[in-house]
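Novice: Sequence:
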Amino acid sequence: MKVLLVNSKFGRSIGGSGHHVYLLWKYLKGKVNFVIWHIGNIGYVNVPKLKSISFHVRAKLKEIPKDVDIIHVHNAKLAGLFREDKENILTVHGDYRREIVIQYGLLGKLIVGCIDGLIRKANIITTVSPLTAKMYGWLWIPNMIEVYEVKRIEPTCRLFDVFGVKPERYILFVGRDDPVKDYPLFSKIARKVYRRLGIKAIALGVMRENTEYLVHARAPWKAVIGLMKAALALVITSKHEGFPTVLLEAWASGCPVVARGIPDLKVLSKMFKDSMLVFDTVDTAVSAIEQLLEDHSLRKHLIFKGYNVVKNFDAPYVVKQYYKLYRRLLNE
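Number 204 in this note's numbering belongs to position 204 of the sequence shown; there are no gaps in the numbering.
Derived from the structure by calculation, the hints contain no laboratory data. Mixed in with the good hints there might be a few duds.
Claimed, not checked - With a Cα cut of at most 30 Å, we get these calculated DSSO-like pairs of lysine-lysine:
id, residue 1, residue 2
1, Lys166, Lys222
2, Lys151, Lys51
3, Lys51, Lys222
4, Lys31, Lys273
5, Lys66, Lys109
6, Lys166, Lys229
7, Lys134, Lys62
8, Lys121, Lys31
9, Lys273, Lys320
10, Lys86, Lys311
11, Lys62, Lys49
12, Lys300, Lys324
13, Lys9, Lys311
14, Lys266, Lys192
15, Lys273, Lys229
16, Lys151, Lys49
17, Lys166, Lys51
18, Lys86, Lys60
19, Lys300, Lys266
20, Lys134, Lys121
21, Lys188, Lys229
22, Lys222, Lys26
23, Lys121, Lys26
24, Lys134, Lys222
25, Lys222, Lys188
26, Lys188, Lys66
27, Lys134, Lys324
28, Lys324, Lys229
29, Lys49, Lys9
30, Lys29, Lys320
31, Lys86, Lys62
32, Lys192, Lys305
33, Lys86, Lys229
34, Lys229, Lys134
35, Lys324, Lys188
36, Lys86, Lys151
37, Lys31, Lys109
38, Lys151, Lys273
39, Lys134, Lys166
40, Lys166, Lys26
Computed from a predicted model, the values in this text were never measured in an experiment.
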């Protein structure tokens, strides 16, 4: 079988959907003949808010190989690439409807309407979110991670002096600087945590002015994991998520998670009890972090539960679900 994988990002050291597609390719390339389209070989216009559109246009103009059996798109915005003479799969990694409205405002509602029309061409829609799967009747295939690759990375001790922190005496934010990830909320939490507990914060993926309580940096993936392994907690402040890779990374790293009580994360916290602490306000976030600082048994319990949960999402097991789906579509 020959499958065209389409996603703007692709790579081992890339987070989110780009890493997901990389793992899908890595563990099935011996069974599936993959063709991969991403910004590295398709190109795009490097202008904010035009990257996705320009990548879509370039991909649309590119000829799909005639012997491709399945088109597997990993972004609803790219559903225009589906063809009637192929089997079409869409994998949704987040809530594209809400994300687009947050990014584009009123224009976003028009864009969502167009996308909703295009995704009807998909033979099957999968999602990494169990909540979204239930809401729309889609197939749940969860996000995944290479547990072994995370396990073999050591804590990044050499960066403690650089950031001015001590092991288990800092909180961590990992994500891009955009409205969806809500870095400003993390900044508010970090300020209050420092004032109340004397705990500093590191924001990875965000470049802002450093303060006495909050340091900003970009770091390679191994350094991110190394910092997770020595952090007091990873704080997830996103306005919406599907099944974030950073959550899996924290579980695999033995890093306690303090997550905003958005619907998807609440569902995950109920499915996997005691795997994270959930907050709704800045004050409840600070209280959760204070609990982790003072209650070592709670911290150990969260780490234990998280690591046992993440084993279910090890890449070699998750990709088997995609392979079964491919075979089913081709009646093999």
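Novice: So which of the earlier hints does this model not fit?
Specialist: 2, 4, 5, 7, 10, 12, 16, 17, 24, 26, 28, 33, 34, 35, 36, 37, 39 and 40
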